[in-house]
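K.L.:
Protein sequences, first through last, are from chains A and B. Read in this note's numbering, the first sequence has 180 at position 180, and its numbers run on one by one without any break. Read in this note's numbering, the second sequence has 67 at position 67, and its numbers run on one by one without any break.
The set of hints was computed from the structure by calculation and includes no laboratory data. Cβ atoms here follow ideal geometry from the backbone N, Cα and C, with glycine treated the same way. Careful, some of the hints might be misleading.
Said to hold, decoys possible - Below, simulated BS3-like cross-link-like pairs (lysine-lysine); rule was C-alpha separation at most 30 Å, straight line:
#	chain 1	residue 1	chain 2	residue 2
1	B	K97	A	K99
2	B	K97	A	K167
3	B	K2	B	K205
4	A	K108	A	K57
5	A	K179	A	K268
6	A	K228	B	K22
7	B	K226	B	K205
8	A	K92	A	K268
9	A	K137	B	K97
10	A	K92	B	K97
11	B	K309	B	K205
12	A	K228	A	K167
13	B	K22	A	K50
14	B	K238	B	K298
15	B	K19	A	K167
16	B	K298	B	K212
17	B	K97	A	K138
18	B	K205	B	K8
19	A	K57	B	K19
20	B	K97	A	K94
21	B	K22	A	K57
Said to hold, decoys possible - Non-contacting residues of chain A with respect to chain B, defined by C-beta distances greater than 10 Å in every case (computed):
#	residue
22	C3
23	K13
24	K14
25	H47
26	P53
27	F190
28	L195
29	E208
30	D213
31	E219
32	K226
33	K230
34	L235
35	N249
36	A252
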Amino acid sequence: MDCLIEELERKAKKIRLNIVKMVGPGNTGHFGGSCSIADITAVLYFHKMKHDPKNPKWEDRDRFLFSKGHAAIAQYAALSICGYFPEEETLKLKELGSKFQGHPDLRKTPGIEANTGSLGQGLSISCGIAAGAKLDKKTYRVYCVVGDGEIAEGQIWEAAMAASVYKLDNLTAILDYNKLQATGTVIERFNTNPLKEKWEAFGWNVIEIDGHDISNIIEALDNAEKVKGKPTIILAHTVKGKGLKCAENNAAFHNGALTQEQYDTACKSLM
Amino acid sequence: MKESNQRKIYGETLIELGKENKNIVVLEADLGKSTMTYQFQQEFPERYFEMGIAEADMVSFAAGLSLTDKIPFVNTFAVFCTGRPYDQIRQGVCIGKLNVKIIGSSAGLSDFGDGATHQSVEDIAIMRAIPNMTVIVPCDGIETKKVIRAVAEYDGPVYVRLTRNDIVDIFPEDQEFQIGKPYIIRDGKDITVFAIGVMVSMALKAADELMKEGVSVRVVDVSTLKPLDEKAIIELAKGMKGVVTAEEHSCIGGLASAITYALRGNAVPVEVVAIQDVFGQSAHSYNDLLVHYGLTDKDIVEKIKNILK
Numbered sequence: 001m002d003c004l005i006e007e008l009e010r011k012a013k014k015i016r017l018n019i020v021k022m023v024g025p026g027n028t029g030h031f032g033g034s035c036s037i038a039d040i041t042a043v044l045y046f047h048k049m050k051h052d053p054k055n056p057k058w059e060d061r062d063r064f065l066f067s068k069g070h071a072a073i074a075q076y077a078a079l080s081i082c083g084y085f086p087e088e089e090t091l092k093l094k095e096l097g098s099k100f101q102g103h104p105d106l107r108k109t110p111g112i113e114a115n116t117g118s119l120g121q122g123l124s125i126s127c128g129i130a131a132g133a134k135l136d137k138k139t140y141r142v143y144c145v146v147g148d149g150e151i152a153e154g155q156i157w158e159a160a161m162a163a164s165v166y167k168l169d170n171l172t173a174i175l176d177y178n179k180l181q182a183t184g185t186v187i188e189r190f191n192t193n194p195l196k197e198k199w200e201a202f203g204w205n206v207i208e209i210d211g212h213d214i215s216n217i218i219e220a221l222d223n224a225e226k227v228k229g230k231p232t233i234i235l236a237h238t239v240k241g242k243g244l245k246c247a248e249n250n251a252a253f254h255n256g257a258l259t260q261e262q263y264d265t266a267c268k269s270l271m
Numbered sequence: 001m002k003e004s005n006q007r008k009i010y011g012e013t014l015i016e017l018g019k020e021n022k023n024i025v026v027l028e029a030d031l032g033k034s035t036m037t038y039q040f041q042q043e044f045p046e047r048y049f050e051m052g053i054a055e056a057d058m059v060s061f062a063a064g065l066s067l068t069d070k071i072p073f074v075n076t077f078a079v080f081c082t083g084r085p086y087d088q089i090r091q092g093v094c095i096g097k098l099n100v101k102i103i104g105s106s107a108g109l110s111d112f113g114d115g116a117t118h119q120s121v122e123d124i125a126i127m128r129a130i131p132n133m134t135v136i137v138p139c140d141g142i143e144t145k146k147v148i149r150a151v152a153e154y155d156g157p158v159y160v161r162l163t164r165n166d167i168v169d170i171f172p173e174d175q176e177f178q179i180g181k182p183y184i185i186r187d188g189k190d191i192t193v194f195a196i197g198v199m200v201s202m203a204l205k206a207a208d209e210l211m212k213e214g215v216s217v218r219v220v221d222v223s224t225l226k227p228l229d230e231k232a233i234i235e236l237a238k239g240m241k242g243v244v245t246a247e248e249h250s251c252i253g254g255l256a257s258a259i260t261y262a263l264r265g266n267a268v269p270v271e272v273v274a275i276q277d278v279f280g281q282s283a284h285s286y287n288d289l290l291v292h293y294g295l296t297d298k299d300i301v302e303k304i305k306n307i308l309k
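Excised from the complex, chain A in its bound form (with noise of 0.2 Å):
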């Protein structure tokens, strides 16, 4: 087991170094919810989930979705050490004519499984293939992130209903709950909270956990797993940024740019 989480430890802290990457000195991007997402995103594609990289569209195959799209550079990551493409042809990111956009687009990047970005929408869709999964009578597995500035969409509510109406137990939900949003924390911005009470309202198994410690992460996926009947959240509670020192809780690198000097001392602490 201490040999597993320090083997996935080591491949967060890799997806924190290809997003660093990938970006680059001098270019915008959103670096902040990215690493926040880190540890999850190393737990479900190097351990927890069944899929294969070799046969992105393989049926049986988990799905996890990215309903805050923004952070698609993480999900970038992982799926370049997994092998989905190779590691250097990330550094294209948002070049023009690029497979990798700034927000996931499934007809240019093998294992993207929705077009996401247009906040509130991905935990619908998942919805919406754990419900496919159901009709099929299919044992696979939803796994969607939400952000917690992004549940003040009206539609994700409108989901977290729907889904406790299907009763769709094939679908976890991962709440990045980094307490910041693109313009200052949550709580002074658009206060989201209370969180547990409201998916519990609303017919959700809640599951509150650090979300950089991997053990919790595994144990609470595993949980999810045996819950049946209702769909179930896990409450992440995270650092934005995290992993990046100038970006740990920092809302200017919600979607920032790293100096030649920030970037340099970040690769070095990554490597």
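For chain A, the structure is supplied; the task is to place chain B on it using the hints.
P.N.:
Showing chain B alone in chain A's frame:
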């Protein structure tokens, strides 16, 4: 003349399709009794999703279902399935070119009693503007059945606009329907009327009327507004003294826009029968509204005479 109801035929066609293909699924936002999808629920309860009065979620949920190879038909009134979930259609369905069918019921002014909030005068404009979207307006019950079957076969997003009221059957029973093809419903040699929906039968009446005066009118059913077969449109207008477009929709962004764009560079006089950039309103009958907004055979006759003056 025989009349039929597009909603009723749509509901029946869905059931036929449901029997033939287990991937057909239907989503509804609490208007199933009006859109006539409730019969599908009785036949195939497990493939029917009542999504509550939550159109945005309904469209994105349908996108998800399509990603598991289902063929989702999304239903509510035209005004609610184009305007309200516009962003969900644009972002989650059309960018990825997902196989989601949006069926707008009670379109145009056909929900006559409910007023401006329920009457879609700009739904075609909204849907036409989205890349990857196909837009089809069948002219009667016969064409509706053919359109729905073609739409189920086609892989990609489609918007279909249906009317609420009974309308005259005019589409030839033995005519195959192909997405993208305009159909000559009646041939003529002086003027071409390009029409959609209920205005196709209005155009036929206008053609009958003008025949008495020695004017020969070609009536074309442009059911597929997008992708529009521009070459065919140019061909159908060639040699005419002019063309008239006729639609139960705003003059902005619908048939008039599509046809005048297709005929750019061709010196053909064009007249437009359409709603003049205003909202609808309540009335005691559909016909009262059609008369009020200038959407009758008489209006088409008048426009044709303007050209021939």
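K.L.:
Could you run down the list of hints and mark each one as holding or not?
P.N.:
Hints, verified against the model:
1. B/K97 <-> A/K99: Distance ~16 Å between B/K97 and A/K99 Cα, so the pair holds.
2. B/K97 <-> A/K167: Within the cut-off at roughly 28 Å; holds.
3. B/K2 <-> B/K205: Given that 30 Å is the threshold and the Cα spacing comes to 14 Å, the pair holds.
4. A/K108 <-> A/K57: 13 Å, holds
5. A/K179 <-> A/K268: Holds: A/K179 and A/K268 sit about 27 Å apart, inside 30 Å.
6. A/K228 <-> B/K22: Measuring from Cα to Cα gives roughly 26 Å; hence the hint holds.
7. B/K226 <-> B/K205: Status holds; Cα separation ~26 Å.
8. A/K92 <-> A/K268: Given that 30 Å is the threshold and the Cα spacing comes to 22 Å, the pair holds.
9. A/K137 <-> B/K97: 26 Å, holds
10. A/K92 <-> B/K97: Between A/K92 and B/K97 the Cα gap is close to 24 Å, so the pair holds against 30 Å.
11. B/K309 <-> B/K205: 21 Å, holds
12. A/K228 <-> A/K167: Roughly 8 Å between the alpha carbons, so the hint for A/K228 and A/K167 holds.
13. B/K22 <-> A/K50: Judged against 30 Å, a Cα distance of about 27 Å means the pair holds.
14. B/K238 <-> B/K298: 24 Å, holds
15. B/K19 <-> A/K167: 26 Å, holds
16. B/K298 <-> B/K212: 14 Å, holds
17. B/K97 <-> A/K138: 24 Å, holds
18. B/K205 <-> B/K8: 25 Å, holds
19. A/K57 <-> B/K19: 27 Å, holds
20. B/K97 <-> A/K94: 21 Å, holds
21. B/K22 <-> A/K57: Answer holds: B/K22 to A/K57 is near 21 Å, not above 30 Å.
22. C3: Consistent with the label, A/C3 stays out of reach of chain B, its closest Cβ about 36 Å off (over 10 Å).
23. K13: 32 Å, holds
24. K14: For A/K14, whose nearest Cβ neighbour in chain B is about 29 Å away, the distance exceeds 10 Å, so it holds.
25. H47: Non-interface label on A/H47 holds, nearest chain B Cβ at 24 Å vs cutoff 10 Å.
26. P53: 19 Å, holds
27. F190: The claim stands: A/F190 keeps its Cβ more than 10 Å from every Cβ of chain B (closest is about 19 Å).
28. L195: 20 Å, holds
29. E208: 25 Å, holds
30. D213: Holds, because the least Cβ-Cβ distance between A/D213 and chain B comes to about 30 Å, which exceeds 10 Å.
31. E219: Answer for A/E219: holds, closest chain B Cβ roughly 28 Å.
32. K226: 24 Å, holds
33. K230: 17 Å, holds
34. L235: 21 Å, holds
35. N249: 30 Å, holds
36. A252: 27 Å, holds
Checked against the numbered hints above, the structure breaks none of them.
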